[in-house]
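S.K.: Chain A is already provided as a structure; the job is to place chain B on it using the hints.
There are 2 protein chains.
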Amino acid sequence: MSQRIKLEDVAKLAGVSRATVSRVINRRGYLSQRTILKVEQAMERLDYHPNVIARQMHSQRTNLIGIIVPTVGNPFFGELTAAMEHELFKKGYKVLVGDALNDPEKEQRYLRQLLGHQVDGLIIATHNANIPEYQNTNLPIVAIDRFLRSDIPVVYSDNYGGAKQACEALIQRGAKYIIHTDDLSPLNDQDTARRRAYEAVMKAHDRPAITYPSLPDPKQNREALQKIFIEHPEVDAIFTSNDLDAATLLDLAVENGYVVPDQLQIIGYDGTQTTQRLLPRLATVVQPIPAMAKKAIELLEAKLNQQAVPEEVVLSVNLKLGSTVKNYKINGEY
Amino acid sequence: MSQRIKLEDVAKLAGVSRATVSRVINRRGYLSQRTILKVEQAMERLDYHPNVIARQMHSQRTNLIGIIVPTVGNPFFGELTAAMEHELFKKGYKVLVGDALNDPEKEQRYLRQLLGHQVDGLIIATHNANIPEYQNTNLPIVAIDRFLRSDIPVVYSDNYGGAKQACEALIQRGAKYIIHTDDLSPLNDQDTARRRAYEAVMKAHDRPAITYPSLPDPKQNREALQKIFIEHPEVDAIFTSNDLDAATLLDLAVENGYVVPDQLQIIGYDGTQTTQRLLPRLATVVQPIPAMAKKAIELLEAKLNQQAVPEEVVLSVNLKLGSTVKNYKINGEY
Chain A
1 MSQRIKLEDV
11 AKLAGVSRAT
21 VSRVINRRGY
31 LSQRTILKVE
41 QAMERLDYHP
51 NVIARQMHSQ
61 RTNLIGIIVP
71 TVGNPFFGEL
81 TAAMEHELFK
91 KGYKVLVGDA
101 LNDPEKEQRY
111 LRQLLGHQVD
121 GLIIATHNAN
131 IPEYQNTNLP
141 IVAIDRFLRS
151 DIPVVYSDNY
161 GGAKQACEAL
171 IQRGAKYIIH
181 TDDLSPLNDQ
191 DTARRRAYEA
201 VMKAHDRPAI
211 TYPSLPDPKQ
221 NREALQKIFI
231 EHPEVDAIFT
241 SNDLDAATLL
251 DLAVENGYVV
261 PDQLQIIGYD
271 GTQTTQRLLP
281 RLATVVQPIP
291 AMAKKAIELL
301 EAKLNQQAVP
311 EEVVLSVNLK
321 LGSTVKNYKI
331 NGEY
Chain B
1 MSQRIKLEDV
11 AKLAGVSRAT
21 VSRVINRRGY
31 LSQRTILKVE
41 QAMERLDYHP
51 NVIARQMHSQ
61 RTNLIGIIVP
71 TVGNPFFGEL
81 TAAMEHELFK
91 KGYKVLVGDA
101 LNDPEKEQRY
111 LRQLLGHQVD
121 GLIIATHNAN
131 IPEYQNTNLP
141 IVAIDRFLRS
151 DIPVVYSDNY
161 GGAKQACEAL
171 IQRGAKYIIH
181 TDDLSPLNDQ
191 DTARRRAYEA
201 VMKAHDRPAI
211 TYPSLPDPKQ
221 NREALQKIFI
231 EHPEVDAIFT
241 SNDLDAATLL
251 DLAVENGYVV
261 PDQLQIIGYD
271 GTQTTQRLLP
281 RLATVVQPIP
291 AMAKKAIELL
301 EAKLNQQAVP
311 EEVVLSVNLK
321 LGSTVKNYKI
331 NGEY
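Residue numbers (UniProt numbering), protein chains in the order written: chain A, 1 to 334; chain B, 1 to 334.
Hints may be right or wrong, so weigh each one.
Since copy identity is lost for identical chains, a pair holds within one copy or between any two.
Stated by the list, open to error - Calculated pairs, DSBU-like style, for lysine-lysine (alpha carbon to alpha carbon, straight line, at most 30 Å): (1) Lys-6 - Lys-38; (2) Lys-219 - Lys-294; (3) Lys-219 - Lys-90; (4) Lys-320 - Lys-219; (5) Lys-227 - Lys-320; (6) Lys-203 - Lys-227; (7) Lys-176 - Lys-106; (8) Lys-326 - Lys-91; (9) Lys-106 - Lys-294; (10) Lys-176 - Lys-219; (11) Lys-91 - Lys-106.
What the hints contain is simulated information worked out from the structure, not anything from laboratory work.
Predicted, not measured: the structure shown is a model, and the values here were computed from it.
Isolated chain A, as found in the complex (with noise of 0.2 Å):
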């Protein structure tokens, strides 16, 4: 074709306005799987290579990034959305919070609406399945600890890795009968990766892998724990999927009558800064949360450039002993 392709015939042969082709390639706003494919036909039939140039001055970056979490008052969540905000902040972006809670209705409400048109890029840490957002845009996102689309990067701490040591180091010191306590409605492989550990390490030493549900209401959680001594009087440790769970298994072992660690030895995880202040005493996995942070920014960063990004990347946790396991004296009982 001699004569030069445009926009516009672009748009006439998709059947779309100029505008949506122009967000097509700019990649931004909300746009359906089927109007992506008909304008890249379109320009693929044509021959059209948008002048990248004129694509970046077109691009209208905003410099804000948007990061969706189930929310910032779990001091998980609470401490990687801080850590993510404050390499932000240095790279000169400032950070949209959305908290998904356990709502997908929320969380696709809030993605449509970020996705519209006011953010460079998303971090996404949500629990919420069967989003079809995700699949629709062609916006720079990275995920934490969740799988979205092979196209998007996912930053992990090494689930397995750490899950296996918590078991062993309860193998170790004695324990004949672990109990393990998880969420039970898992998106992915790698939600599964602490159960699965557990359940090996349970499966090598010839022990019955038992695990209960781990709830988001805490009144009912304490609830569904609580059957746990009534089940499993003979129970003596507990590897807990999070600290919150193991907090309330310290507090209903003592209701329950069982010494810590002497009876019931009690590993968790997660590890914030928040629980190593509040519960200095308990032996947990510790997820690096700056590093998750900032590796995450990183690959973002990359996709922002439209540079090439690894499809995962797993960053190693750290067991961290204390006196909720035995043979750990340094000051004192529990």
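M.R.: Using the frame of chain A, we list chain B on its own:
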């Protein structure tokens, strides 16, 4: 004057651009106090009254609200931010979050950027002193627990009343030697309310009032609080200004051989959901975080709609007893 005065007449007389006059009228953007004064004086001298409709048309609402807190990584500010975000989302706003930390320079840079163009209003819950930007803006602002300027409304919880209740509860339970921990950098009268209440109760009961500093760094804070047991071994109760101190002191009590609550009673302050889950047995003064969030958003909306607002609103708090004080037994000992 018979001839209709125009925006450019005001600009000419004030010696500024039309855009600056528009920004003063529309209460948008960062403006020095001097510029605001010059423009307002010029408007007065010319008897210029901007058309309200035109003003609204020019106001270009972004539906973004900025929230600046010390850090969302702290459970109190994390839960407060989460509660405000929920309220704002219901009203169609999205939230820009900035962590000022204890860094006045970061707060200042953050503010300059936000005042520049991006938000419809601000909620400030930081603790840094002497940030001149707060004096020089017309942007609608609401403060939480902090006085900024006489026309910026403040949402407080009843710091004096909560502290008084806590100290009296300790006296009623036989405490003779009560020590207080508190932040040592008060910005205003309300910042010292908890300490003043402690001192008043001590005075009324003829007891000495001794306040130890609460430091932001966890390790330094622990070292500072350890001194209580060395310098005042006769201590039999501690009322702390925050739950993190209470948690550290619970741990130090064990290390120093004090049995809680028989030999040492402890009451904390804040009572976040996180604290209540991690330390369910801690007696603490519970701040009404959801009510504070709701009130702050209500005041901000009133300011956005140019309605009158009170200078301050004080919400009541609730002393939650627990097994860190005597005469509290529900299920076993702490």
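S.K.: Evaluate each hint against the coordinates.
M.R.: Right, here's what the structure says about each hint:
no.: 1; hint: Lys-6 - Lys-38; verdict: within (16 Å within a copy, 50 Å between copies)
no.: 2; hint: Lys-219 - Lys-294; verdict: between (35 Å within a copy, 24 Å between copies)
no.: 3; hint: Lys-219 - Lys-90; verdict: between (40 Å within a copy, 26 Å between copies)
no.: 4; hint: Lys-320 - Lys-219; verdict: both (28 Å within a copy, 17 Å between copies)
no.: 5; hint: Lys-227 - Lys-320; verdict: both (27 Å within a copy, 27 Å between copies)
no.: 6; hint: Lys-203 - Lys-227; verdict: within (23 Å within a copy, 49 Å between copies)
no.: 7; hint: Lys-176 - Lys-106; verdict: neither (44 Å within a copy, 52 Å between copies)
no.: 8; hint: Lys-326 - Lys-91; verdict: neither (45 Å within a copy, 52 Å between copies)
no.: 9; hint: Lys-106 - Lys-294; verdict: both (27 Å within a copy, 19 Å between copies)
no.: 10; hint: Lys-176 - Lys-219; verdict: within (29 Å within a copy, 36 Å between copies)
no.: 11; hint: Lys-91 - Lys-106; verdict: both (29 Å within a copy, 13 Å between copies)
Hints 7, 8, counting from the list given before, are not met by this structure.
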